[in-house]
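*Asks:* The lines below spell out each chain.
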Amino acid sequence: AQSVTQLDSQVPVFEEAPVELRCNYSSSVSVYLFWYVQYPNQGLQLLLKYLSGSTLVESINGFEAEFNKSQTSFHLRKPSVHISDTAEYFCAVSAGGTSYGKLTFGQGTILTVHP
Amino acid sequence: GAGVSQSPSNKVTEKGKDVELRCDPISGHTALYWYRQSLGQGLEFLIYFQGNSAPDKSGLPSDRFSAERTGGSVSTLTIQRTQQEDSAVYLCASSLERLAGGQETQYFGPGTRLLVL
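So the protein lines, in turn, are chains A and B. So the mapping is simple: our numbering equals the position in the first sequence, first residue as 1, plus 31. So the mapping is simple: our numbering equals the position in the second sequence, first residue as 1, plus 604.
Derived from the structure by calculation, the hints contain no laboratory data. A virtual CB, placed ideally from N, CA and C, is assigned to each residue, including glycine. Mixed in with the good hints, there may be bad ones.
Stated by the list, open to error - Across the chosen pairs, the derived CB separations fall in these ranges:
no., chain 1, residue 1, chain 2, residue 2, range
1, B, Leu700, A, Glu46, 34 to 40 Å
2, B, Lys619, A, Gln138, 26 to 32 Å
3, B, Gln688, A, Pro110, 43 to 49 Å
4, A, Glu51, B, Pro659, 34 to 40 Å
5, A, Ser83, B, Gln645, 28 to 34 Å
6, A, Ser34, B, Asn656, 29 to 35 Å
7, B, Pro665, A, Leu82, 26 to 32 Å
8, B, Ser611, A, Ser101, 42 to 48 Å
9, A, Pro49, B, Arg626, 38 to 44 Å
10, B, Gln684, A, Ala48, 48 to 54 Å
As the list claims (entries may be wrong) - Straight-line Cα separation of at most 20 Å, SDA-like style, residue types lysine to any residue; simulated pairs:
no., chain 1, residue 1, chain 2, residue 2
11, A, Lys80, A, Thr129
12, B, Lys615, A, Gly74
13, A, Lys80, B, Arg702
Claimed, not checked - Computed far set for chain B versus chain A, every beta-carbon distance over 12 Å:
no., residue
14, Lys615
15, Val616
16, Gly620
17, Ser631
18, Asn656
19, Phe669
20, Glu689
21, Ser691
Put together the whole structure using the sequences plus the hints.
*Replies:* Here is the structure:
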């Protein structure tokens with residue numbers, strides 16, 4: 032079984048400041064890692080994912096996450112946030128070696144960007 | 605193209621009534637998932653469909669919950685004799701199954717917000 036822990040339930044930051052949203056996972060098998068974002072009154076959208084290869088993955092809107100196998104982490108970072116980044120962010124894993132992608136989610140981190 | 609759609613967007617019901625929640629996945633997506641998002645439990649997996657069959661129903665919380673999928677497309681989640689603890693947002697997601705298991709992106713619908721009074 033897999034589990035995901037998002038260490039911060041809420042992260043308030045000022046616009047143009049850097050941010051890191053922390054995610055740790057535990058699993059007895061290899062995993063694939065995802066960050067999903069839920070903007071206010073919208074559905075979940077994929078932000079980025081790590082499947083294999085380079086441990087640093089990037090999204091089109093400036094977020095990046097680094098897979099660290101030894102620390103079982105997949106923290107999400109952005110060097111300079113915008114008001115529009117205000118949303119809830121979910122870290123998720125799916126188990127490798129299975130035939131389908133059942134996701135196990137963390138509890139979510141609410142990022143609030145203040146002007 | 606059209607994304608995943610769910611109906612109704614909101615449902616208020618009385619304890620003990622049955623409810624049906626509908627999901628229309630993206631056309632051509634063979635995999636379909638139901639999740640539940642509640643304040644106390646976060647986002648939880650309920651059931652997975654591959655085509656019309658459900659090889660993993662392990663997340664359904666009780667036998668009051670059932671789901672079916674027809675024509676490899678539309679899915680219905682039914683909750684019988686609803687209880688207050690069933691109040692949550694029910695999310696549907698669909699994906700292709702081109703890549704080896706677990707790698708595909710899941711596309712989520714907007715959810716159905718269920719309130720049981």
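*Asks:* If a hint holds in the structure, say so; if it does not, say that too.
*Replies:* Hint-by-hint comparison with the structure:
Here the CB-CB span from B/Leu700 to A/Glu46 is close to 37 Å, well matched to the stated 34 to 40 Å. Taking 26 to 32 Å as the suggested C-beta distance range, the pair B/Lys619 and A/Gln138 conforms, at roughly 27 Å. Distance hint check: the CB atoms of B/Gln688 and A/Pro110 are about 45 Å apart, consistent with the given range 43 to 49 Å. A beta carbon spacing of about 37 Å between A/Glu51 and B/Pro659 agrees with the range 34 to 40 Å that was offered as a hint.
Under the hint 28 to 34 Å, the C-beta atoms of A/Ser83 and B/Gln645, about 31 Å apart, fit the expected range. Distance hint check for A/Ser34 and B/Asn656: the Cβ-Cβ separation is about 31 Å, which falls inside the suggested range of 29 to 35 Å. Between B/Pro665 and A/Leu82 the Cβ separation comes to about 31 Å, which falls inside the hinted range of 26 to 32 Å. In this structure the hint that B/Ser611 and A/Ser101 lie 42 to 48 Å apart at CB holds, the actual value being about 46 Å.
Look at A/Pro49 against B/Arg626: about 42 Å separates their beta carbons, and that is inside 38 to 44 Å. About 49 Å separates the C-beta atoms of B/Gln684 and A/Ala48, a value consistent with the hinted range of 48 to 54 Å. Of the pairs offered as hints, the one joining A/Lys80 and A/Thr129 holds, with about 17 Å between alpha carbons and a cut-off of 20 Å not exceeded. Taking the CA atoms of B/Lys615 and A/Gly74, the gap is near 17 Å; set against the 20 Å cutoff, the hint holds.
Taken as a hint, the A/Lys80 and B/Arg702 pair is honoured in the structure, with Cα atoms around 16 Å apart against an allowance of 20 Å. Residue placement check: B/Lys615 keeps its beta carbon more than 12 Å from all beta carbons of chain A (closest about 17 Å). Every CB of chain A is more than 12 Å from the CB of B/Val616 (nearest about 18 Å), matching its label as outside the interface. Once the 12 Å rule is applied to beta carbons, B/Gly620 is consistent with being away from chain A; the minimum gap is 30 Å.
For B/Ser631, the shortest C-beta to C-beta distance to chain A comes to about 18 Å, beyond the 12 Å cut-off, and the non-interface label holds. Distance check for B/Asn656 against chain A: the nearest CB is about 15 Å away, which clears 12 Å, and the non-interface claim stands. Even its closest Cβ contact with chain A, about 16 Å, leaves B/Phe669 beyond 12 Å, as expected for a residue assigned away from the interface. For B/Glu689, the non-interface assignment is confirmed: its Cβ lies about 18 Å from the closest Cβ of chain A, beyond the 12 Å cut-off.
B/Ser691, annotated as away from the interface, keeps every beta carbon of chain A farther than 12 Å; the closest lies near 18 Å.
Hint violations for this structure: none, all hints satisfied.
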